[in-house]
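J.: Order-wise, the sequence lines are chains A and B. Sequential numbering from 1 applies to the first sequence in my numbering. Sequential numbering from 1001 applies to the second sequence in my numbering.
If you are wondering where the hints come from, they were derived from the structure by calculation, not from laboratory data. Please note: incorrect hints may appear among the correct ones.
Here are some of the chain B residues that sit facing chain A, going by a computed Cβ distance under 7 Å [as the list claims (entries may be wrong)]:
1) L1109
2) T1110
3) D1214
4) G1301
Glycine included, each C-beta is placed from N, C-alpha and C at the ideal position.
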Amino acid sequence: MSLELVCPAGTPSALRAAVEAGAHSVYCGFRDETNARNFPGLNFSPDELVEGVRFAHAHGTKVLVAINTFAKAGAMDAWKAALANAEKAGADAVILADLAVLDHAATHHPNLRLHLSVQAAAATPEAIAFYADTFGVKRIVMPRVLSVEEIAKLNAAINVETEAFVFGGLCPMTEGRCSLSSYATGKSPNLTGVCSPPEHVAYTEDKNGTATRLNGFTIDRFGAGEQAGYPTLCKGRFVAGGKTFYLFEDPVSLNAASLIAALAKAGVTALKIEGRQRGKGYVAEVVRTFRAAVEAIDAGGTEVEVGRLLSGLVEGGRQTSGAYKKTWR
Amino acid sequence: MLDTKKSTNMTKTGLTLGPVLFNWSPDRLRDFYARIADEADVDRVHLGEVVCGKRQPFTDGVWPELIERLQAAGKQVVLSTLALPYNPRERNAVIDFCKAGELAEINDLTALPTVAGKPFLVGPFVNVYNEGAARFLAGRGATGICLPVELPIASVAVIAAALPEVEFELFAFGRLPLALSGRCYHARLHGLHKDGCQFVCDRDPDGLPVDTLDGQRFLAINGIQTLSSGVEAFCPTPEDLAKLGVRRLRLSPHTVDMVAVSRLYRALLDGRASRTETLAALKALDLPGELVDGFTRGQPGSARVEMA
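Starting from the given sequences, assemble the full structure and let the hints guide the process.
T.: This is how it looks when you write it as structure tokens:
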């Protein structure tokens, strides 16, 4: 069984780029607080989704719609509308996290295929069986706390598909269980679909260089001439126990390319590439490269061969294989 | 229906001592809970390790005697389950806790199939952000829900109004539990990995402070957990709580004198002390951080308490 490559489509043009580069599936969200990448300039209107699905289906690519934030109390209409619009557009599945949204989808949209978002943080056979039995969830996007060995054991114990992140941004915190951003800024992934929101970011120059701040909290400092990175809270440098360092995570991104074959062997159905905030050029390159790697594995290619295909992607930024290797913990 | 509502309004606000989030030794736990049993003004006490499954073997043996001790003192005992179980031992521990015969608080949906159909409580690590999620859990048997710490106060009122039969609880005192991870930050700080962590988190019984590069007190780490540096001090009047529909507050254990904290909150909730008096008295205690209450005012959680 071939691995399914699930690729980010932050905008209609990124969707087209991913489809043309060989994505088996793309995922996207509506332009509102119903999805966990609610950033300015991203996402789809209902009409854009209709057109995106038409384009993707014409190329044999599936469209998964992320409606993966937690509905606001007393104001669930936006989430209900998102489900209805996803179904109307012909989406192949919706990616959900909130019990209320799952319940509504299972009751009112019985023909819509449900995937469980990483934001639901379902990491055990018991929790996964609950979502499958109760709402008919067909696939789990796995929380980034499991090693490859643990994923293999998990897959042996459950009856639904699993999807694993393999490339892109990496949350060191368990997604869906993190309120760091709202502690600093009042806005968070669970509440509003944003983390470390840009309107709270400030770059302040002084004689020592540049400080990056999030609502007044210093997240990192850079020397003169150094490029100041975006102050994502958990990727900052802090002082703890007399040490000054990247306490939670280094400024790295996830690259589990070398583990694709191991993940396939562990029973994973789909590989997910993070990056809905990325431009179409980046998306096209990453998708093309991963598609070639997946096909090389299907054809029985060696790890060396696959590694060679992916080597172009590891230039520049530092990377980690995250929780897939136990030593990350 | 009217009678029920009337009696609900007349019931005094419950006060819960939440589970100890930190790596305290069995001896420390015995001493702590003995004093809680004898002196603390709380009607409900949560026991159990909710943060790290690796700590469980050290404390598993201590809970049975503490359950007995606290119940003998008239406290209702609740067993709180692990917030992020994933290996088989941890999953079994969650299920065993739920089957132990005491009221269970679930902190992850792993426990839901085991408790469904019986009365159970839902902890602040379960994502209940709206009345639909609350109603779903109530339909499975949840009788009380401690809402997530970041939930806006406006949402609290909407959820509580929709489900008058459920006892809603808010996290009122202590460093705010903000995040969980697969990675242990105590281990990382000490150049170790989680699998060989040497249990270094036991050196920081209130968590280890995390400051910014400009010396701002910001967060605290506790193994795989990240907490606020600031100490939440939500000090509502009884009228505020009635308006919100909240019937219970949670105090989260720290090394500070929790008996004193419990008495201050009891006096506040009984209308014997004002908000200002309560905050001033809390501030005089040996707390690990500044008093904050932003989440309960529609502000960032780190916003400081305004005394006036």
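J.: Which hint numbers does the structure go against, in order from smallest to largest?
T.: none
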